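> Fit chain B to the known structure of chain A by using the hints.
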Amino acid sequence: MLYFSGLSDALRLTFVQIMIFSAIAILIFLYGLIGNFQKWGAGVTGYGLEPQEGKKGSAITFLKTWWNQVTAESHHHGKPILEVLILDIIFQRRILKRSPFRWFMHIFIFGGWMTLFALSGMMFAVEMTEKIGIELPFTPAEFRDFLSIPNYIFGYILLIGVLIALVRRLFVSEVREASIMYDWVLIGVVFLVTISGFIADGIRTGFIWSFGLDPSAAPPAALFHSIISLLFCIAFIPYSKYIHVIAIPLALLANKGGE
Amino acid sequence: MAKRTPSIDTKNVTAVQLMELDSCVRCGECVKWCPTYAASGEKPGLAPRDKILRWRQYMNKSYGFKAKIFGPEEIPQSELEQFKDDVYGCTTCGVCATVCEAGINTVELWEALRTNLVKKGIGPYGKLGTIPKLIKQYHNAYMLDQKDRLAWVPTDVKIADKSDIVYFTGCTAGYKQLSLAFATSRVLNKLGIKFAMLGEEEWCCGSNPIRTGQIDYEDVAREAARHNVEAIQKKGAKKVLFACAGCFRAAKVDWPRLLGKELPFEVIHITQFLADLIKEDKIKWEKPINKTVTYHDPCHLGRHVGVFNAPRFVLSHIPGVKFVEMERSKEFQRCCGAGGGVKAGMPDLAVAIGEARVKDALETDADILSSACPFCKRNLSDGRDSLKADIVVEDVIELVAEALGLSTT
Numbered sequence: 001m002l003y004f005s006g007l008s009d010a011l012r013l014t015f016v017q018i019m020i021f022s023a024i025a026i027l028i029f030l031y032g033l034i035g036n037f038q039k040w041g042a043g044v045t046g047y048g049l050e051p052q053e054g055k056k057g058s059a060i061t062f063l064k065t066w067w068n069q070v071t072a073e074s075h076h077h078g079k080p081i082l083e084v085l086i087l088d089i090i091f092q093r094r095i096l097k098r099s100p101f102r103w104f105m106h107i108f109i110f111g112g113w114m115t116l117f118a119l120s121g122m123m124f125a126v127e128m129t130e131k132i133g134i135e136l137p138f139t140p141a142e143f144r145d146f147l148s149i150p151n152y153i154f155g156y157i158l159l160i161g162v163l164i165a166l167v168r169r170l171f172v173s174e175v176r177e178a179s180i181m182y183d184w185v186l187i188g189v190v191f192l193v194t195i196s197g198f199i200a201d202g203i204r205t206g207f208i209w210s211f212g213l214d215p216s217a218a219p220p221a222a223l224f225h226s227i228i229s230l231l232f233c234i235a236f237i238p239y240s241k242y243i244h245v246i247a248i249p250l251a252l253l254a255n256k257g258g259e
Numbered sequence: 001m002a003k004r005t006p007s008i009d010t011k012n013v014t015a016v017q018l019m020e021l022d023s024c025v026r027c028g029e030c031v032k033w034c035p036t037y038a039a040s041g042e043k044p045g046l047a048p049r050d051k052i053l054r055w056r057q058y059m060n061k062s063y064g065f066k067a068k069i070f071g072p073e074e075i076p077q078s079e080l081e082q083f084k085d086d087v088y089g090c091t092t093c094g095v096c097a098t099v100c101e102a103g104i105n106t107v108e109l110w111e112a113l114r115t116n117l118v119k120k121g122i123g124p125y126g127k128l129g130t131i132p133k134l135i136k137q138y139h140n141a142y143m144l145d146q147k148d149r150l151a152w153v154p155t156d157v158k159i160a161d162k163s164d165i166v167y168f169t170g171c172t173a174g175y176k177q178l179s180l181a182f183a184t185s186r187v188l189n190k191l192g193i194k195f196a197m198l199g200e201e202e203w204c205c206g207s208n209p210i211r212t213g214q215i216d217y218e219d220v221a222r223e224a225a226r227h228n229v230e231a232i233q234k235k236g237a238k239k240v241l242f243a244c245a246g247c248f249r250a251a252k253v254d255w256p257r258l259l260g261k262e263l264p265f266e267v268i269h270i271t272q273f274l275a276d277l278i279k280e281d282k283i284k285w286e287k288p289i290n291k292t293v294t295y296h297d298p299c300h301l302g303r304h305v306g307v308f309n310a311p312r313f314v315l316s317h318i319p320g321v322k323f324v325e326m327e328r329s330k331e332f333q334r335c336c337g338a339g340g341g342v343k344a345g346m347p348d349l350a351v352a353i354g355e356a357r358v359k360d361a362l363e364t365d366a367d368i369l370s371s372a373c374p375f376c377k378r379n380l381s382d383g384r385d386s387l388k389a390d391i392v393v394e395d396v397i398e399l400v401a402e403a404l405g406l407s408t409t
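For the protein sequence lines, the chains are A and B, in the order given. Under this note's numbering, the residues of the first sequence are numbered 1 to 259, in order. Under this note's numbering, the residues of the second sequence are numbered 1 to 409, in order.
These are calculated hints, taken from the structure and not from any lab test. Note that the structure is predicted; figures quoted are calculated from it, not measured. Glycine is no exception: its CB is placed at the ideal position from the N, C-alpha and C atoms. Among these hints, one or two may not hold up.
A few chain B residues facing chain A, derived, Cβ under 10 Å [as the list claims (entries may be wrong)]:
#1 L53
#2 V99
#3 K119
#4 I122
#5 A141
#6 Y142
#7 G306
The following block holds chain A by itself, in its conformation from the complex:
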């Protein structure tokens, strides 16, 4: 089965090859995630304790400590887990309470990003289903066409959010002056991945984002987008500010929605 991206007709990137890249990205992600769990697991397991002599941090220690805190009673402000999941993690009401503008920006990035991720996952599932020989009422190509409109919609939602974030970080002096490389890398990478996706699609279709580039540049552009997406949207998470996409939901659950 051919994957739609590739360096050239002669050197087309196959489905297998992109799967290998994906697997590598996932392995790098898992290695980093476990490394972070181990780093966090170097902490103590409860209030007022000390780590056991000679014992290294372990992912299990972290997960157990986290779960114990999730299930412990709180002093006065504990919220039910379901409420935290829906309102604090998905709807992000803590950001909304502080700044509706930043909430708008972040929910666009979050919503766009997560939906595109889910749509890619659905596309992957359809291709895998076909690969293992299960017949579906549509072909992967038809399904890809079906996804193109939601892909555009959520792509633009993401782009709007990213542009707001970038403009805010560049032109609001208070934000710019407080920014460090840790912040710039995150927004820069999100911007790069988003723009590269639009450009790759634009070159392929010849629409707005083609910038007059020859359609023959479509495969390498798509390849570039695919690889940096895997690299930055999966592999890079545990090693950068991206870790907040894992740590914040865990913190909100552990602290029952926070104060």
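What follows is chain B alone, placed relative to chain A:
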């Protein structure tokens, strides 16, 4: 070559707290609201966001991926000393936790980091290290005789030897701010509430060592909690009244944690107790207070344990009182500046924060700035005096006493 050891360790910092460091997205909300950062002239190191960033960097240098491969990177002692100064320049008021978009429990984080630094021999800050020693020796931080715990009790106040209700005075009200103790005891008498007191069996609640990271110093805090609980039980108490927010927070949150079990009695703040009596129509006011009153939420009573409405309910039921809110109130209140060891360790910073809070009150045109904690009263009074502002600082219980026709002297 011997492998380097990390410059920091993780004593007292929980696995979840280490994760919280990585959940900070540096949105800056905590910086906007932090009272010490503002009062310090926006000293960058005092910003909560900056402290989280630094400890995250220390963790990565000591336990991160690079450290795993190449060994831990040394953190200069001077840097850790500076970090200690900054982490102690915090009143642990908790507004940073309230506004944190990641839901980080910052109060517990600061306290854990302080304890960690104390165990490392870097903390505590300045003379704060003497306080647990004094508590161990004298059972109060004022070096006063335990026998004088009830020396303030006026002849008109009746205290039962045993009762269902115990009034836990606290060191500050019992030794230094006697008007609060006078007011509380007389109000209870006036309302026909039989209560007992611990007298010389009342020890410091342990709040200061806990808040300043000295929780493990010779087990002073745990010993104080254990002793006080036993003493209260001996009095036959089912309900313990606190007029000090710091003691109340310690009893409600810290004592059960230190002792590893729930308390065998209910702890209640005096304003909650009075609010219930008002609802039951058991308070007959005798004298109106025709003043405009605003209320400052003590951090230990409000944000830390969620008592926001009871003091307001009491104040708004005092005849004649026109109650007004400050712009920053309830969970978004600005700390008075006294907590977390700042009053004892960095008095100038404490007064600067107190001044800011008094300015908040002055904007409301209130005649009286009230609170429900002797420590807040002290620092707000210092802030008021420093500003030479024309506003009275009085505790809610003093206003209640006045409205019941009682003396607080």
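> It remains to establish, for every hint, whether it holds in the given structure.
Each hint tested on the structure:
1. L53: holds, 8 Å
2. V99: V99(B) check passes; min Cβ-Cβ to chain A is 6 Å, inside 10 Å.
3. K119: holds, 8 Å
4. I122: Where the cut-off is 10 Å and the nearest Cβ of chain A is about 16 Å from I122(B), the hint is violated.
5. A141: violated, 21 Å
6. Y142: violated, 26 Å
7. G306: Check passed: Cβ of G306(B) comes within 4 Å of chain A, closer than 10 Å.
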